[in-house]
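Undergrad: Spelled out from the first residue to the last, the chains are:
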Amino acid sequence: MMSNNEESEMMKLLGIRDIDDLFADVPEGIKGKIIRIPNGISEDELIGEANLISHLNRNHEYYNFLGNGIYDRIIPSSVDAIVGRSEFETSYTPYQAEISQGMLQSLFEYQSIVSDLTEMDMTNSSMYDGYSALGEAVRMAFRINGKKEVLIPANMYDDKVKVIESYTEGLDMKFVRYSLDHNRGYVNLDDIQEKMTDNTAAIVCELPNAYGILDENIPRIQEIKKDSVLISYYDPISLGSVIPPGQYGTDIAVSEGQQLGLHPNFGGPLLGLFSFKKEHVRRSPGRIIGETLDTNGKRAFVMTLQTREQHIRRAKATSNICTNQALMALTALTYLSIVGKNGLKKIADATVSASSNLKNQMIKHNLIDPNTVTGVPFSDVLVSFKKQQNGLQQQLAKKMILGGLEMSRLINKKYDSINNAHFFSVTERTTKEHIGKLIDTLEVL
Amino acid sequence: MSYQQAKYDEPLISEMSSLNDYKLPSYLSESKMLIPEGLKRKSLKLPEVAEYDVVRHFTRLSQMNYSVDQGIYPLGSCTMKFNPKFADKLSSFPGLTSGHPLEDETTIQGYLKIMYELQEYLKEISDMDAITLQPRAGAHGEFTGVLIIRNYLKDIGELEKRREIIIPDSAHGTNPASASMGGFDVVEIPSGKDGTVDLDALKFALTEKTAALMITNPNTLGIFEHNIVEIARLVHENGSLLYYDGANLNAIMGVTSPGKMGFDVVHFNLHKTFGTPHGGGGPGAGPIAVKKFLKEFLPVPTVSKNEKNYFLDYSAKKTIGKVGSYYGSFNTMLRAWSYIKYMGGNGLKSASERAVLNSNYLAKKLSERFEIPYEKLKKHEFVLSTENTGKRALDLAKFLIDNGIHAPTIYFPLIVHEAMMIEPTESASKKDLDVFAEILVSGLELSQDEISKLPKNLAVGRVDEVKAARDMKITWSL
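Line by line, the protein sequences are chains L and X.
Take the first sequence: its letters are residues 1040 to 1484, numbered as in my numbering.
Take the second sequence: its letters are residues 109 to 586, numbered as in my numbering.
If you are wondering where the hints come from, they were derived from the structure by calculation, not from laboratory data.
Heads up, some of the hints might be wrong.
[Unchecked claim] Heads up, simulated BS3-like pairs for lysine-lysine below, C-alpha to C-alpha not over 25 Å straight-line:
| hint | chain 1 | residue 1 | chain 2 | residue 2 |
| --- | --- | --- | --- | --- |
| 1 | X | K581 | L | K1317 |
| 2 | L | K1438 | L | K1187 |
| 3 | X | K413 | X | K400 |
| 4 | X | K473 | L | K1070 |
From just these sequences and the hints, can you work out the full model?
TA: This is the structure in structure tokens:
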């Protein structure tokens, strides 16, 4: 099959006549695989085909009110330009430190910037996504205190719960749900207190909570947590204006970092942010970059604390993570560096202002019950429609509007339900005109 | 031409200061402060840097980072092949990047079509029956596979007794770590004299407690497990399952397949075999394929098709649930899809053939000076020992990078002393391999004193790893 000169020279050195001789060690019974995939096509044909397929998706001119974890935010062009540099994009995990200082310093800066953002002591150099980071956090809580009960909110997204359950399946942990009140949409502190036992490993809280609400009860959980591990799931954009997990007694802070400069990409790649108190570092999962010196006394960076990791500790490693989301960590770092502290604050304030505007408009137009979940929403606005809305999301999609996700699509009815509840999410890209268009459309549906 | 690195004394971004000039839309209203008083943040520490300085900072850092686009990157078991640029192009189409995972199915048919086709391609390449694209890396796939095995055993009432997973001592570290995360005890078996699974050791380890055997084929020594059919028979007769670590799939495409070999669960590394860029450590993607009897255990959703549409299929009756958010790393899947379409079935086979040719050629050249344990045909990678030369693998690695070539994986697999694990991939010319061999051999001429002072041509000299672990400075604030 092969015929060019260099290949025949190589085969000559090896003393073989046919490339198939190199596969003589594959037993006959299992040899002779034919891959029934059509022959390759040219780049031009390929791009043409991808283009055609892209037209099977909506065009991107829709009014977008989808969120609940993945958001359509402004991405500075410089972020794409930096992350697209092939020196970063086509490099491997920085095993050889001296030739990989660019990525190592970037990841060190990422660990630092996320630690500052969250006011947590330390941050690892990335996890797969927010949900799996939460799963790893619960495993870490077990390593910290050896206990097996975890308190989680009743309204936690079902998929998130499923991921934690998968991550802890081998540990046989027990999950206990604590309730939220449906008036303000705050967590019920008394219920947490009641459900705590001597075997409580961790309390998981969310801010904004799963109703999207900036929940004033969250910072008070530290008063009742005793020696359990407090795991906080936060929204990184909100931290432009909202108190960070490090200020309310958090032991492990985790989040989904997609909003920090990553395109939605139909849900991936994403970025799991994972921060923790210093005293827990030896029990933490994932790769960590450390600062050190080179032989000439110059500052240098290197992968460190590797004795926690799978390639050294094997079956006793704190996690099996090998490939992580390094390029996404670089994305978040460049995003935060470009928008800066004033930019992040503006974006957070604009978000909360748009969400309040959206909710007020719906109340004003008499579409929703004004007394259900009255707390201040951040990005995700949960509304309880006065009349039942069947197939709302699909109907809106026909009008070029994305949104109106049924609460029951995310939150298991068995644990929590609110009548006719739907989500509409906003970002700094949501204008008054977008909201006006949504209200107009909802009024005639 | 070998790579030459820039040497900047680049400050941390926190040490830089210039006027942040990033412009947001003027319609953003800041006037209303709606956040409840107790939740308002009082101060926030983030860098204050102009956009042009941010770009310059990271551009300089990029110039201190080696990559596949600058030369060969022969890390064993990492399959650092060329990442085609057409994949960059189509994976940035707005129509393929702006989709939200919770959209109504009517507006996401294109995403689902790509996923469906990729599922079909991977099943065809591996001869497996059903697949999930959800895992986000190879190790994530392993963990998913272990959970599938766990739930299957629970379903047939054998989980209580089958608590062990057998893993060869030459395995990737992720294998025992994943097995352990899934709640199994790990039983390690030694490799035989020829570097492959020792059948007697396997027979001894296989008991009524055995849940599964996890192996990679070719193994981490680059040797094909020629007894694989017998291994599969032994494992299955014992009522256990056989897991395929797909990290080394690049060696066998179009020659044989995990399905033909008798594996029950298989993971793929899209960022290795299927040419998607590794991103300095990620993102990857680690789909898992299974034989029919395990189909109902796959995480949900997978993508299916009826007469009219593609749809997210949640019908798996005994599903393990979910291992990550949404459906996996779509952008990585898209790149892998494009790679497979570009290569075609025939091209994939050629890629494996060339990868194996390159590996054997380089092994042959280096065998003149280095001991290459286990006299066997190599597949896509091989392992040499530097012990006979009196040089440490670490020093030779530093010599290589100082000469502008990325070093191979070193000190792995653990069963070879002073190991260098070399995987040239198909993206290396004969000339590249000749230069690599020549430079590596020339490193033997240096005195111990000279070589231990390397590197000197890179942005930094040899880094002090012990100090990093001892001082534990992992953020700029602490």
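Undergrad: Hints first: check each against the structure and report whether it holds.
TA: Checked hints:
no. : hint               : result
1   : X/K581 to L/K1317  : holds (11 Å)
2   : L/K1438 to L/K1187 : violated (48 Å)
3   : X/K413 to X/K400   : holds (18 Å)
4   : X/K473 to L/K1070  : violated (28 Å)
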